[in-house]
Amino acid sequence: MAFSQPPNQTQNDENQTQNDHRLYSPYQDLQIPYQTLYQLPTRPEYLFQEESLRQRRSWGENLTYYTGCGYLTGATVGAGKGFVEGVKASEHGDTLKLRINRILNASGHSGRKLGNRAGVIGLMYAGLESGMVAVRDTDDVINSVVAGLGTGALYKAASGPRSAAVAGAIGGLAAGLVVAVKQAARRYVPV
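Just so we're aligned, residue 0 is where the sequence shown starts under numbering that gives the first Met the number 0, counting upward by one.
Simulated from the structure, these hints should not be mistaken for laboratory data. Be aware that a few hints might be false.
Said to hold, decoys possible - The calculated DMTMM-like cross-link candidates involving lysine to aspartate or glutamate, where the alpha carbons are at most 25 Å apart (straight line), are:
| id | residue 1 | residue 2 |
| --- | --- | --- |
| 1 | LYS181 | ASP139 |
| 2 | LYS96 | GLU84 |
| 3 | LYS181 | ASP136 |
| 4 | LYS181 | GLU60 |
| 5 | LYS112 | GLU84 |
| 6 | LYS181 | ASP138 |
| 7 | LYS80 | ASP93 |
| 8 | LYS80 | GLU90 |
As the list claims (entries may be wrong) - What follows is a list of derived Cβ distance ranges for each label pair:
| id | residue 1 | residue 2 | range |
| --- | --- | --- | --- |
| 9 | HIS108 | ALA183 | 34 to 40 Å |
| 10 | LEU97 | ALA183 | 47 to 53 Å |
| 11 | ILE169 | ARG56 | 23 to 29 Å |
Computed from a predicted structure; not experimentally measured. Think of the CB as a built atom: it goes at the ideal place given N, C-alpha and C, for glycine as much as any other residue.
Can you build the whole structure from these sequences, using the hints too?
In structure tokens, the structure reads:
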């Protein structure tokens with residue numbers, strides 16, 4: 000606590016008292032250099048030595064990353080699509096307040112819808128890819144392509160076998176294309 004003095008002292012006594020006492024510092028009795036207490040490490044820290052030998056994210060990190068990125072991307076694209084729908088749906092006699100309400104409602108509806116779909120696709124892809132890595136004990140292009148194929152097929156499985164096959168092929172091609180672009184960028188783009 001800071002030092003406080005009784006209100007009945009004169010101004011001279013107040014100046015003298017402030018010079019005699021210091022304010023309380025919570026770090027004064029600690030025998031550690033508190034200036035360097037919050038210097039965070041710049042590389043990852045691992046609990047077990049085996050974790051540091053792997054050069055990829057764990058299945059939980061993978062799941063969180065793909066689901067979050069999918070949801071954020073889908074919600075952003077859906078909000079943009081809803082914005083366009085809301086602007087098109089506004090009528091000539093609408094007030095500004097009604098137009099804004101229509102745009103916000105359309106953006107929120109489309110954003111939630113597309114965000115949830117893309118998040119579920121990311122969740123399925125991350126689960127299948129992590130499962131393939133665990134089964135095959137290698138991390139290569141085949142895992143990503145098979146995970147994309149399985150994700151597309153699972154996502155459209157309720158629409159029938161033909162739709163599932165087409166969606167699986169699209170998912171496999173998309174995953175293969177993303178991996179190929181990533182490897183080409185890593186090789187040819189200087190960082």
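For a C-alpha distance cap of 25 Å, please report whether LYS181 and ASP138 respect it. holds, 14 Å
Can you let me know if the beta-carbon spacing of LEU97 and ALA183 is within 47 to 53 Å? holds, 49 Å
Range hint compliance [Cβ, ILE169 to ARG56, 23 to 29 Å]: holds, 25 Å
Given the hint that LYS80 pairs with ASP93, does the C-alpha gap stay at or below 25 Å? holds, 21 Å
For a C-alpha distance cap of 25 Å, please report whether LYS80 and GLU90 respect it. Answer holds: LYS80 to GLU90 is near 18 Å, not above 25 Å.
Does GLU84 sit within 25 Å of LYS112, going by the straight-line distance between their CA atoms? Roughly 14 Å separates the two Cα atoms, so the pair holds.
Hint check: LYS181 vs GLU60, CA-CA at most 25 Å. Holds or violated? holds, 19 Å
Proposed proximity, ASP139 with LYS181 (alpha carbon, max 25 Å): Holds: LYS181 and ASP139 sit about 13 Å apart, inside 25 Å.
Within a Cα-Cα threshold of 25 Å, do LYS96 and GLU84 meet the stated pairing? holds, 17 Å
Hinted pair, alpha-carbon criterion (25 Å max): LYS181, ASP136. Please report holds or violated. With Cα atoms ~21 Å apart, LYS181 and ASP136 stay inside 25 Å; holds.
Beta-carbon spacing of HIS108 to ALA183 - inside the hinted bounds 34 to 40 Å or not: About 38 Å separates the Cβ atoms of HIS108 and ALA183, which means 34 to 40 Å holds.
No hint from the list above goes unmet by this structure.
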